[in-house]
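**Q** Residue numbers (the working numbering), protein chains in the order written: chain A, 813 to 1205; chain B, 813 to 1205; chain C, 813 to 1205; chain D, 813 to 1205.
Simulated from the structure, these hints should not be mistaken for laboratory data. There may be inaccurate statements among the hints.
Identical copies go unnamed one by one, so any copy, or any two together, can satisfy a pair.
Within a straight-line C-alpha distance of at most 20 Å, the following computed EDC-like cross-link-like pairs (lysine to aspartate or glutamate) qualify [what the hints assert, rightly or not]: (1) Lys920 / Asp942; (2) Lys920 / Glu988; (3) Lys1160 / Asp878; (4) Lys891 / Asp913; (5) Lys891 / Glu828; (6) Lys891 / Asp932; (7) Lys891 / Asp1052; (8) Lys891 / Asp872; (9) Lys1160 / Asp1009.
Remember, predicted model here, so these are calculated numbers, not experimental data.
Protein chains: 4
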Amino acid sequence: MHDDAQRYHDVRQYTEALAAPLSPEDQTVQSMPDVSPTKWHRAHVTWFFETFILADRDPDFRPFHDGYWTLFNSYYESKGPRYPRPDRGLISRPGAAEVTDYRLDVDKRMIDLLLTLGEDLESDFAALLDLGIHHEQQHQELLLMDIKHVLSVNPLRPSAYPEGAHHVDRLTAAQEWLEMAGGIVGLGNDANGFAFDNEWPRHEVLLRPFRIARRPVTNREWLEFMQDGGYNRHELWLSDGWARVNAEGWRSPLYWIDDAGQWLQHTLSGTRPVNLDEPVVHVSHYEADAFAAWAGARLPTEAEWEVAATASVLEHADDQVWQWTSSAYLPYPGFHAAPGAVGEYNGKFMSSQMVLRGGSCVTPPGHARPTYRNFFPPHSRWAFSGLRLAADA
Amino acid sequence: MHDDAQRYHDVRQYTEALAAPLSPEDQTVQSMPDVSPTKWHRAHVTWFFETFILADRDPDFRPFHDGYWTLFNSYYESKGPRYPRPDRGLISRPGAAEVTDYRLDVDKRMIDLLLTLGEDLESDFAALLDLGIHHEQQHQELLLMDIKHVLSVNPLRPSAYPEGAHHVDRLTAAQEWLEMAGGIVGLGNDANGFAFDNEWPRHEVLLRPFRIARRPVTNREWLEFMQDGGYNRHELWLSDGWARVNAEGWRSPLYWIDDAGQWLQHTLSGTRPVNLDEPVVHVSHYEADAFAAWAGARLPTEAEWEVAATASVLEHADDQVWQWTSSAYLPYPGFHAAPGAVGEYNGKFMSSQMVLRGGSCVTPPGHARPTYRNFFPPHSRWAFSGLRLAADA
Amino acid sequence: MHDDAQRYHDVRQYTEALAAPLSPEDQTVQSMPDVSPTKWHRAHVTWFFETFILADRDPDFRPFHDGYWTLFNSYYESKGPRYPRPDRGLISRPGAAEVTDYRLDVDKRMIDLLLTLGEDLESDFAALLDLGIHHEQQHQELLLMDIKHVLSVNPLRPSAYPEGAHHVDRLTAAQEWLEMAGGIVGLGNDANGFAFDNEWPRHEVLLRPFRIARRPVTNREWLEFMQDGGYNRHELWLSDGWARVNAEGWRSPLYWIDDAGQWLQHTLSGTRPVNLDEPVVHVSHYEADAFAAWAGARLPTEAEWEVAATASVLEHADDQVWQWTSSAYLPYPGFHAAPGAVGEYNGKFMSSQMVLRGGSCVTPPGHARPTYRNFFPPHSRWAFSGLRLAADA
Amino acid sequence: MHDDAQRYHDVRQYTEALAAPLSPEDQTVQSMPDVSPTKWHRAHVTWFFETFILADRDPDFRPFHDGYWTLFNSYYESKGPRYPRPDRGLISRPGAAEVTDYRLDVDKRMIDLLLTLGEDLESDFAALLDLGIHHEQQHQELLLMDIKHVLSVNPLRPSAYPEGAHHVDRLTAAQEWLEMAGGIVGLGNDANGFAFDNEWPRHEVLLRPFRIARRPVTNREWLEFMQDGGYNRHELWLSDGWARVNAEGWRSPLYWIDDAGQWLQHTLSGTRPVNLDEPVVHVSHYEADAFAAWAGARLPTEAEWEVAATASVLEHADDQVWQWTSSAYLPYPGFHAAPGAVGEYNGKFMSSQMVLRGGSCVTPPGHARPTYRNFFPPHSRWAFSGLRLAADA
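Taking the hints into account, I'd like the entire structure generated from these sequences.
**A** See the structure below:
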């Protein structure tokens, strides 16, 4: 098979491998509006290829199923009406096996198309194919985030994957401040290889000298914050964050369970004691910001983070945990969304969210890069989100 | 097998027959807080036998699974904590197949116990067994009500059962007023055979002469109400009902679909045109009351309904559709709830609900009787609820 | 002045006397959706006379202010659109003084009309006048209920009236069961004097022998219930009631304040210690029902209450506190609402409410009678509602 | 009187002048959670002087009223518990006249203190006095924003101030793009004169060349946007904005009323036709952003706005309307909140809000400056908020 077909095949295969241990029932549940059912993810990424590539290429195109057009559109207003997002868990049919049929049908048509077109794809098509592949990788991470949440609400404390399958590494190196010089630096992607539109255009910013931590914050450090009253001291918190702490009773990271004095943690492989050497994960921006205030430090801006990551001085820059920055998710100077539905991919979400940088233990290998901009609302906790400290020089 | 074991076996078998056409995904979804997933019903009725019978009979009793004790308790405060009802659809595990295992295990223990005890059960035990069997029958009807709702929210308009499997009959006889004499009449069950505690004690009430319709209201009559502006005329409605009409946009019975001028109806066997000769079904008490006002009549009290049903003058008294009465669901004079958890079965729900009488096309054969008191809040529409008119003499 | 004009004048005057101690700010606030601002009550009862009497009598009728037609319509759909009830507290204008102007203008027109018509009013007119007068009396009680609630949410614990102005008497007589014979008894008003339509028609019901308490339940008895864990014992409560107890944290009657171990009570004359000899007041139907279960008794039906009250055996039958019954608020057999807007007065509210009988310390003198049917939803607590026990013979 | 006492006196006087035309009822109402009652504003700014200055200066300090400490604390966690913000409209007492008493008492104590201290205030004290004065000015603008909203929900369409009292000027000059060079520029206040802490520290940023509009957008231009389907075209909107448009039915700026085809506008002086030459006002950030997209432009960053304003090339830079920028409200590099309660003034709100620059027709004269950072959530519309366009060079 040629390279593009192989790449397409591989990403599709990996999604199915992630879903394989999950029962039809597991794949159906939506445990909160932010979460999507596994089988919805599997179908939606398929719809993306069908809608953005197959539908435009084949004059005799027929959708696999008319109703799927609406059911599996996530948020593309340009592609017509959509089934309401908070109700995705109410849809029992198509079932997981029918979604497999859908995937196989689209895969066959895609592979046929790719083989017909040969190795030298025209650039527009190649860009869409790349986008579809990276889109499916994003949903691979979402699938894991979401099924972790789904299983967390079950009092039987189930496990989805074998021990160690999607584990976080221990951070054994000592913490250390790295001194960075600042000055006029380049930010954003220069388009060697794939990048999402929100990483463009590359541009210059002026940075003051700063310090950044060599490694992310650990559970051990987070426990000190908790034991020092971190969740009870209003002066450490943003106002919105303090309101959340009280309204939702936050006393620890998401998925931590106080089991008669011992802290346990819900993971994709079941419930186990919190490992103090692992990076803290499943904290909101509000919590990360409060922790930094408690530590006499601050979160890095995304520019600071990117400069340091590009300089290859950071440990765990691109795996383990996403790292909250102090930057709001806004367009880079000169950003323009592409016309049409593809333009809805990123730009319209640039409001009321914060940027995370790095990558996580559930990010597909090769997906992230130093210019990658992940983003979530500041109260979100179900992503694999931690933090790395920074400070003024 | 002796009679009790056979009865137990039959009711258990019928539940499984109802669930058989439903996929694991179908059995998992909860489409609104009132609805429970199919596999939850299958497990809960099993928990009822396990908790109320097996746990009290066997000194070495061990529950099938410790976690099920909480997951499948519906509302018995005396039996300890319960998993929140509105979140039943968030539970992917145990899956449908594991629920089958649970059922088979309890069945084996129950049958063993029944065979050990022999034909002459002591009365307390026999009463609990009867209660468990009738309880499971109630959930058989709920299972069908619930899966009908679950599939109704799916834009693919799925079907669960073959055409005609749970259909309503046509009412071809002409409507007619039956004159009833009133006077002092007996109401409630005199305990020949099983009855729920809410049918007790039998007591006397004084009725004025009244008229009652020979048969329930049909879709044809309901359509006339709609075409005469029934849903737009405030003067026909109770105040709470009028608020619901406007807040929820009621314009027809639940499950009716206006398909470019033709009225279709979602059923357990898929979507098909409304049949004008069938009894109207899936209307709330508010709608039934407004229809009666429009027709220059009223709903019967439950006493009037029972007197007429006992006199065997009503057509479709015990099948097709449940019939809203004008009676609030309150204890009969002299009613006392039994001590312990069994006492929570009915009495604590005697508030803010209205009585329905009769039975429906999804009521298990032999389950209902003329003294049977069904009840739902006045806004509920997902039961198989219709109406029969009455009037002063 | 002739009798009708005098009666009109007196009821109008009494409303103003109740409002006199309240500041313009007091008269503006709406502390929950059930509550209406004082100046709204003062204007609405005026609107009632203007709309139901003046508008129909004068061919040259002009409303005092076009905008008031909508602002001060409570719930009469037949009279056109209404300003939303939960937003009554958002209306600063007309102010209290402008409402006084409105009242004086309508009063002048009403008195002129009454003097013109002379002593012998035609029966339709006389009935509307009576209705308007009794309607204003109902709002006099609502005004006091509402301002009590308004001031209760103020942490400064203000007082509206001088000590003793609207106080409850002490019940010093010993409690005692009264034995009642039952049998076929008459219920409802026989139309000697004014009665609301919901008291009609008089009809017969069959009662079993019963017992009823000579006097209402006191704070002393309620405190025993509390100290015996009444608010913590699920087995005493209706299911909806138990949900309220937990959702709203009920631990005592409304307006009780636990002040370092001493129970205080917010009253219309400020905060003072709970007097154990007074009847308990501001309890919901759910609480009354739970208390009765705790006491091994039950609430009386409204028929039982009326029979006992008519027999003049009850103490405090018509003053001190409204007494919850076990009867749902439903139409009497043969009830028909009047045509037109007047028909909206009572009938459309006959759903999901419970009947209270008696009268209270804030009911205007002469307003209540043994056949009077007051009604509130079972969770309501801001009326002056208490209870009297009953039991089977 | 010396200068500081005079400044104190003047700002206090201006607040009272704004409140003078408002009735006690007007001063009591809270029409939405964001709004505070007039008398609350009048009391809260008084509490600020009492708490932050008087309480720390006088060893014999006694608060004017113990209960006010809680009632009139806005959001200072360090100062103890606070009455819930959404319930400020439930407080009838203290009334408007009692608030006047409170103001006079604190004024007397403040003037006495200032006269005692003489002209040369120590710097900490002078800074707190300045903060209190500018704080009261901020509430003067809030008072006008809030009472405008309060009166807008009244269907009688009341007016609070004489015609022209707080009017917006017409913008008669032609629109024009101003070319700006970019480069490394200074941003923020250099501390000549008073500035809020969020304007500090002054720092450098790198700007690309850009264009900025000479004057704000007018109602005429906004109407073109509306007529071109601006509120119906999803592709112009941020995702959160589009959700608001649909959820809240936005079809025009807040306070516009479609009166049978003519656009009217609610103002502080009553309802009048929209003047097409005035700047558009009461639009959210979402609307401003969508308008800019429709115009083929964008909003300026706050740095761009400040550079242009400092260069004195903008018309209406500091009056008429606040101008939304594309910048999230975040701390400047090197920002640190002051210790103690004063540190809660700005820093803790730096989340999920957008910066506005300029000033408005209801901003007290002399209050704003080119470095001033106003901020509101992106959906807010009740501020006097408009926009000015920008574009890449």
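**Q** For Lys891 and Asp872, with the copy left unspecified, which applies at a CA distance of at most 20 Å: within, between, both, or neither?
**A** Answer is within: at 19 Å inside a copy they meet the 20 Å cutoff, but 61 Å across does not.
**Q** Can you give me the call for Lys1160 and Asp1009, within, between, both or neither, at a CA distance of at most 20 Å?
**A** Classified as within: same-chain Cα gap 12 Å, cross-chain 32 Å, threshold 20 Å.
**Q** Within, between, both or neither: how does the pair Lys891, Glu828 come out at a Cα-Cα threshold of 20 Å?
**A** Neither: 26 Å inside a copy, 42 Å across copies.
**Q** With identical chains treated as interchangeable, where does the CA-CA distance between Lys891 and Asp932 reach 20 Å or less: within a copy, between copies, both, or neither?
**A** So Lys891 and Asp932 fail the 20 Å test inside a copy (29 Å) and across (69 Å) alike.
**Q** Under a CA distance limit of 20 Å, which applies to Lys920 and Glu988: within one copy, between copies, both, or neither?
**A** neither (52 Å within a copy, 56 Å between copies)
**Q** Quick one: Lys891 to Asp1052, C-alpha cut-off 20 Å, is that within a copy, between copies, both, or neither?
**A** between (35 Å within a copy, 18 Å between copies)
**Q** Between the shortest in-copy and the shortest cross-copy C-alpha distance, which are at most 20 Å for Lys1160 and Asp878: within, between, both, or neither?
**A** neither (27 Å within a copy, 47 Å between copies)
**Q** Checking Lys920 and Asp942: alpha-carbon separation at most 20 Å within a copy, between copies, both or neither?
**A** within (18 Å within a copy, 57 Å between copies)
**Q** I want to check one pair: Lys891 and Asp913. Are their C-alpha atoms no more than 20 Å apart within a copy, between two copies, both, or neither?
**A** neither (23 Å within a copy, 45 Å between copies)
Violation of the numbered hints given earlier is confined to hints 2, 3, 4, 5, 6; the remaining hints are satisfied by the structure.
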